[in-house]
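**Q** Sequence:
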Amino acid sequence: MDTNWGAFTAAELELAKTVEERFAAYTHHVLATLRRDGSPRTTGLEVRFAGGELWLGMMPDSLKAADLRRDPRFALQANPGEGTTMGGGDVRICGRAVEIADEDAEARAGYAEEVEPPEPFHLFRTELTEVVRTCVEDEKYLVVQVWKPGEPVRTLKRT
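Residue 208 is where the sequence shown starts when you use our numbering, and the numbers rise one by one after that.
Please keep in mind that the hints were generated in silico from the structure rather than gathered at the bench. Misleading hints may appear alongside valid ones.
[As the list claims (entries may be wrong)] Derived DSS-like pairs (lysine-lysine); straight-line CA-CA distance at most 27 Å: (1) LYS355 with LYS224; (2) LYS364 with LYS347; (3) LYS224 with LYS364; (4) LYS347 with LYS224.
[Said to hold, decoys possible] If you anchor each label on the Cβ, the simulated ranges turn out as follows: (5) ARG248 with VAL350: 29 to 39 Å; (6) LYS347 with ALA257: 31 to 41 Å; (7) GLU313 with GLU289: 35 to 45 Å; (8) ALA218 with GLU253: 41 to 51 Å; (9) ARG361 with ASP268: 34 to 44 Å; (10) THR362 with ALA314: 30 to 40 Å; (11) LEU349 with GLU289: 17 to 27 Å; (12) ARG276 with LYS347: 17 to 27 Å; (13) MET266 with LYS347: 36 to 46 Å; (14) GLU346 with GLY245: 32 to 42 Å; (15) TYR348 with ARG276: 36 to 46 Å.
For clarity, every value in this text was computed on a predicted model and none was experimentally measured. Note that CB positions come from ideal geometry on N, CA and C, so glycine has one too.
Model the full structure from these sequences, guided by the hints.
**A** And the structure:
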């Protein structure tokens, strides 16, 4: 079962806000994709939350776009920032990327109007399979929040 960013936000507003804030804190994040041979590839990426979707835009013929066209599974890690404080925690989003074809002029135009990417570009919307936030609470507990489609957030605390 997959869902888009808007459905996740409707189901888990507080966690969604925290995740968006972490991504908004920095411009560049880390995208993990799968190479042709199945090994992982990590690359930098800017992301955009708009219109109930999490969008991934890429330069034409980039290796990460080729990876996602071949195997749409991805993991996206928010930039942790400087030092070790990670205000808001460490967040990761996993799912599948669905390419928006050039023929879908409306979706591409909406994205291009807001982001103003260099033309041409690859555009993917995401179908979420997992959202995870890890943080430290009371300088004592490691707290891990895990959300999967159709399930409530599960919170684990460790000392």
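**Q** Confirm or reject each hint.
**A** We went through each hint and held it up to the structure:
no. : hint                           : verdict
1   : LYS355 with LYS224             : holds, 16 Å
2   : LYS364 with LYS347             : holds, 10 Å
3   : LYS224 with LYS364             : holds, 21 Å
4   : LYS347 with LYS224             : holds, 24 Å
5   : ARG248 with VAL350: 29 to 39 Å : holds, 30 Å
6   : LYS347 with ALA257: 31 to 41 Å : holds, 38 Å
7   : GLU313 with GLU289: 35 to 45 Å : holds, 39 Å
8   : ALA218 with GLU253: 41 to 51 Å : violated, 26 Å
9   : ARG361 with ASP268: 34 to 44 Å : holds, 40 Å
10  : THR362 with ALA314: 30 to 40 Å : holds, 35 Å
11  : LEU349 with GLU289: 17 to 27 Å : holds, 21 Å
12  : ARG276 with LYS347: 17 to 27 Å : violated, 45 Å
13  : MET266 with LYS347: 36 to 46 Å : holds, 44 Å
14  : GLU346 with GLY245: 32 to 42 Å : holds, 40 Å
15  : TYR348 with ARG276: 36 to 46 Å : holds, 41 Å
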